[in-house]
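*Asks:* Here are the chains, one letter per residue:
There are 4 protein chains.
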Amino acid sequence: MASILKMENRNPLLKTDRLEMFTDGVFAIAITLLILEVKIPKHADLETTGGLYGYLLYIWPAYLSYFISFIVIGIYWSNIHWLFTFIIKKTNHVFNLLCLLFLMTIAFIPFTTAILGDYILYPEYRSAAVTAYCIGFMLPIPTTLIGALYAFRNHRLVDPALSRAFLNKLILKFVFGMIFLMVAIGLSFSYPWVSLGIVFVNVVLYLIPPDVPVYYSEAALGSDQ
Amino acid sequence: MASILKMENRNPLLKTDRLEMFTDGVFAIAITLLILEVKIPKHADLETTGGLYGYLLYIWPAYLSYFISFIVIGIYWSNIHWLFTFIIKKTNHVFNLLCLLFLMTIAFIPFTTAILGDYILYPEYRSAAVTAYCIGFMLPIPTTLIGALYAFRNHRLVDPALSRAFLNKLILKFVFGMIFLMVAIGLSFSYPWVSLGIVFVNVVLYLIPPDVPVYYSEAALGSDQ
Amino acid sequence: MASILKMENRNPLLKTDRLEMFTDGVFAIAITLLILEVKIPKHADLETTGGLYGYLLYIWPAYLSYFISFIVIGIYWSNIHWLFTFIIKKTNHVFNLLCLLFLMTIAFIPFTTAILGDYILYPEYRSAAVTAYCIGFMLPIPTTLIGALYAFRNHRLVDPALSRAFLNKLILKFVFGMIFLMVAIGLSFSYPWVSLGIVFVNVVLYLIPPDVPVYYSEAALGSDQ
Amino acid sequence: MASILKMENRNPLLKTDRLEMFTDGVFAIAITLLILEVKIPKHADLETTGGLYGYLLYIWPAYLSYFISFIVIGIYWSNIHWLFTFIIKKTNHVFNLLCLLFLMTIAFIPFTTAILGDYILYPEYRSAAVTAYCIGFMLPIPTTLIGALYAFRNHRLVDPALSRAFLNKLILKFVFGMIFLMVAIGLSFSYPWVSLGIVFVNVVLYLIPPDVPVYYSEAALGSDQ
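Protein chains in written order, with my numbering: chain A, -18 to 206; chain B, -18 to 206; chain C, -18 to 206; chain D, -18 to 206.
Just so you know, the hints here were simulated from the structure itself, not pulled from any lab data. Worth double-checking, as some hints may not be accurate.
Identical chains share a label here; the pair holds if one copy fits it or two copies do between them.
To be verified - Within a straight-line C-alpha distance of at most 25 Å, the following computed DMTMM-like cross-link-like pairs (lysine to aspartate or glutamate) qualify:
1. K71 to D99
2. K71 to D140
3. K(-4) to D140
4. K154 to D140
5. K154 to E18
6. K154 to D192
7. K20 to E105
8. K23 to D140
9. K23 to D99
10. K150 to D140
11. K(-4) to E18
Just chain A, same shape as in the assembly:
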């Protein structure tokens, strides 16, 4: 797998194949670990919840938490998949480290989602649970943004045919997404349900397929094959 693309300094350009595999691995593990938060009942649990049928209904927030985490991590995976397919064409040592920072925020999501699932039903803990959840949902955006700013600068790691305006528009979208969720964090201290509404809108927006890349010239499309 000789994947050196260009080597003129201490930070040579590399193919993204191994970085993509590593990223996929972390995503696959983070998303599958979620089921460990849906607890197998102990015999004692069944007495307080009215039998096994009762327990299985009683833990519905755990199912919801599992469902939400899966969607959120899955959406981030799908977006990274899209970025590596259409936008990012090379990597280097610095970008590898920035991707690690991003993966660190992805692997953190199960923690905050579990807290949401466990405490959303308790009025005294609701706002804290929603704050934690909004922070966990927001964190991957600034780390994506830092990586994008680094990769997009002078088309450093991106498809050279992509138009500058398109890349700038992507950056703007990350900035708006981050602001949107920071508003949700701010509101969560007093209006947790409003924050959850913002989160919900965000998830739905993410479900929309991403933008069609715009190239300097349509003839350039596919030139890096």
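The hints should help you fit chains B, C and D onto chain A, whose structure is shown.
*Replies:* Chains B, C and D alone, transformed into the frame defined by chain A:
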């Protein structure tokens, strides 16, 4: 890994390689996490079960649960492997999301199987344990069905040489499989052993190698190599 | 990834790439989960073991258990790697299922090794711990043997240039390995240390690089590149 | 995936693709398991920490521990990635086993980092926590060194165009890194903060992109493409 196949709108066609790798990752993790449910004994456990030999025999339902989960998840893996080899040739943003929905139901299986293993021996919890197990076993079928309906429509993501009749037959099989298991769920409230029998028949049916794909014309076979 | 090699019946021949990736995934997860058995101390633990330094020394059997499991699973991985490189060239539905059976026995090893690490120092539980460990170490051999018998029959899935005598020798080695470890299981009830000695010899034997494949004719070598 | 490069004895040369995938898998799992150490609070925990907001602030050492582990494992991954891209071009049975030894030390890091995060704030346990952490951080270096000595000897597994002087410089760097951290281990018994300072310097040094490979002749560059 430039894997764009066709890009004419917001939902461009992509190669399935990264989706397959992600899917394999989730399956590999889900199947390996099963061993965490076979508990290492604590010293106190050994006193109530007559020593370590006694404990190792006493937890036989945990072994059985491990064995069943492994087979069930393995069979679903084998079938998805088959679908991506013979049927599904492309993916897009929407299909990626539908696959996530499917993986969500796969990663859920260890939970319901652990419940079966822990409670099948207790008459008062047996029917609930079997209901949970049947639901967990059934859930991947509707999510597969949704994905298949989306992918098969107008040969959207499938090998264009596959005959329409063959694709319809596959859809029908998913529908029958789902009905079969919904009957098992319905019966489990009163006749858990009958439901388990239906499940057993299902597992055996799944062990049979899948159908030979049928093409519009045999000459078309291999055209996408 | 069209990986169909030959399709004439319900059990068509497939490339081994995805099976290898799935196998590698299960091995990687099983081997990494081992560290979860080396427990982070709680504050209460430190009082009974004379502080944190004391605790870190006190749990040496957990380190040993981690070390052994890693070597054993790693050796099996290395051997499977060798089998897929030199011997097995194709797969099919049946062989996929047999591989699942094998992976089931691999993912079981952490359980029995943890029991060895936890109970080897207690004379009253030592023989049971060694019995469990020997069974866990032995189980992948019969599952490998079943897979090999299926794959080797009439060179069904193996490199057609491999000599029949070489394949038969491999089968014999699996049989002898299994008998060797069944003797260890039998002795473990009364002579656990002797059984551990047999296990140790086995591990050392496995560290030796595997046999050089023997071909019908040296000219055939590399023909499937 | 016929990946035999040369086969003249019991220890034939192989391509590194599957070894790299296995390595990436272990790294991805080890790094993602870290989040399991950031504990979801139980209701009882919230009473002693002044509610959920209080708990989420109170566990800051767990976040720090998560952050440090992620960076450290990530840096080792990035370095191995670099080694397999520029230096190591082949593998064999012996090198596979040496890589397993290395992976064993990587998968151990979460354990020692969790101990650091849990006990750094307790003066009576601080030096033991730092000792454990320094050992965990150091262990992958000798295992890398052993692998490098084996692979570099007579350019056994490395790019034949690499200059001997460059390889010797790499070995020296590993030796110095190990000595550096052994000093940190020695100091940790009495001066834990000094040891942590050495560790911090090490992490920063590792963030610098690795050396540009030096070849016997620049014309040789890229000859193995």
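*Asks:* Compare the structure with each hint and give your call.
*Replies:* Right, here's what the structure says about each hint:
1. K71 to D99: neither (41 Å within a copy, 39 Å between copies)
2. K71 to D140: both (8 Å within a copy, 22 Å between copies)
3. K(-4) to D140: both (12 Å within a copy, 18 Å between copies)
4. K154 to D140: Answer is within: at 19 Å inside a copy they meet the 25 Å cutoff, but 36 Å across does not.
5. K154 to E18: Neither way: K154 and E18 sit 32 Å apart in one copy and 33 Å across, limit 25 Å.
6. K154 to D192: within (11 Å within a copy, 36 Å between copies)
7. K20 to E105: Result: close both inside a copy and across copies, 23 Å intra and 20 Å inter.
8. K23 to D140: Cα proximity of K23 and D140: none, with 54 Å in one copy and 48 Å across.
9. K23 to D99: both (18 Å within a copy, 9 Å between copies)
10. K150 to D140: within (15 Å within a copy, 36 Å between copies)
11. K(-4) to E18: This pair counts as neither: shortest intra-copy Cα distance 36 Å, inter-copy 33 Å.
Against the hints set out earlier in the document, violations occur for numbers 1, 5, 8, 11.
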